[in-house]
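Chemist: This is what each chain is made of:
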Amino acid sequence: MRPLPLAVTLAVAVTLGLGLTYVSVTQSRGMDAVRSGAWTGWPRSGTTQADPYARAAFARSGELPLELADGLLFLAAQDSAGAPLDGRCDIRIAGTLPQAQVWTVTLMDEEGHLIPNDAHRYGFTSNEVVYRPDGAIDLVLSPRAQAGNWLPTGARGRVKVALRLYDAPFSFSSATGESSTLPQVTTEHCP
Amino acid sequence: MSLSDFLPSLRRQRLLPRTSRLHPLRRVRRAFDRMRAALPEHVLLPLAFILVIAGIVHLASVLAMPVLAQKSAYQRLLDMAQPNHMTLLPDATPADMTLPMTDPAFVSAVCLYDLRERPLRVRVPATADYTSVSFYTARGLAFYALNDQAAGRVIELDLLSPSQRAALPEDEEITAADRLVVESPADRGIVLIRAYARYPDLRESIRRQLEAASCTSSN
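From first to last, the protein sequence lines are chains P and U.
Count along the first sequence from 1, then add 37; that gives the number in the numbering used here.
Count along the second sequence from 1, then add 1410; that gives the number in the numbering used here.
Keep in mind that a hint or two might mislead.
As the list claims (entries may be wrong) - Some chain U residues close to chain P (C-beta under 8 Å, calculated; not the full set):
1. Phe1442
2. Gly1465
3. Ser1482
4. Leu1509
5. Gln1559
6. Ile1600
Unchecked claim - Now the in silico label distances, taken between C-beta atoms and shown as ranges:
7. P:Pro206 / U:Gln1492: 55 to 61 Å
8. P:Ala48 / U:His1433: 39 to 45 Å
9. P:Gly191 / U:Thr1626: 23 to 29 Å
I should point out that these hints are in silico values taken from the structure, not numbers from a laboratory.
Glycine included, every Cβ here is placed at the ideal spot set by N, Cα and C.
Generate the whole structure from the sequences, applying the supplied hints.
Modeler: If you want it as structure tokens, here you go:
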């Protein structure tokens, strides 16, 4: 090959390789994703068995992943039907949760920032939430004040929700099979 | 009816076998030949070259990321915390989060450790609620965690580098005393202490309880 085409080919190859790295590191949190309805968890990212993509993603973002012995994080950026979560809509998170010492639900914008509001309410904990008589939870994410367990979304476009289960006697195998163990996420009403 | 009309009608009725199907391998080869015809060698070769080099660059950059990242958790905490010293982190707010994806229901403290000279001794008195201690290497790899449910009232442990661990006498009192020994795979890293505040108005008292936590170089 002559030098100029070689240089062009090399430049294209390096750009493609780095571009692929950028996309995988910003979009993914590791290769061991466990899906359960609307929720995705990465149980191995908080262990010494974290894969190179998880390690790279956390090194870039600066996040310290939850150690698996401490807790397990699930993220939902879409509802159970697969539509992206829209902060201008009313979104309901309802259902039972797996056994855990403590759990928290946190609402964030697309980039993972908390959404400012007058009440300084960014999520619910297992102690704050009002349970239904059958022990299930029922949270509403909405830009307008709602009765019950309401989280203000500030009418952001895209939002995402983190569910963290602490000190949960949890095994990965049960998470893959039973999609019923995590609450349903439903978009109810869009203006 | 001519023969050329008759044969297809027979085929339709499955009286004659259909034209024999190509062997799958031969079909692949034929598709490859067609591609070769469409893409002559002077295009195909650079294309293969680009894919191979791009793959190598991609894998190398992913593997190098934990070493090269400028805004990793360790780098961020270096700006605000001293080594072998407990530092309480400010509460997560919409405007500022020291570490991304922090759970706002928790009060956190960190201790950056450096084991090159001496092991580290970590002591975390249990707060009113769920408390955990997690360990990460400077590259952000989580290697151990313990919570107050497992440890009891006070979480107390020694963090050792592999060589310090190897130098420990087998039947040292350290193991006899109710002290936990944890081996760190790296010389430098982060101890993250997190205490749960079940209601926002309990944060202040949890924060004061967490101030009693300590991490010191031991001898």
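Chemist: For each hint, tell me whether it holds in the structure or not.
Modeler: Taking the hints in turn, this is what the structure says about them:
no. : hint                             : verdict
1   : Phe1442                          : 22 Å, violated
2   : Gly1465                          : 7 Å, holds
3   : Ser1482                          : 5 Å, holds
4   : Leu1509                          : 6 Å, holds
5   : Gln1559                          : 6 Å, holds
6   : Ile1600                          : 7 Å, holds
7   : P:Pro206 / U:Gln1492: 55 to 61 Å : 37 Å, violated
8   : P:Ala48 / U:His1433: 39 to 45 Å  : 42 Å, holds
9   : P:Gly191 / U:Thr1626: 23 to 29 Å : 43 Å, violated
Of the numbered hints stated above, those contradicted by the structure are hints 1, 7, 9, listed in ascending order.
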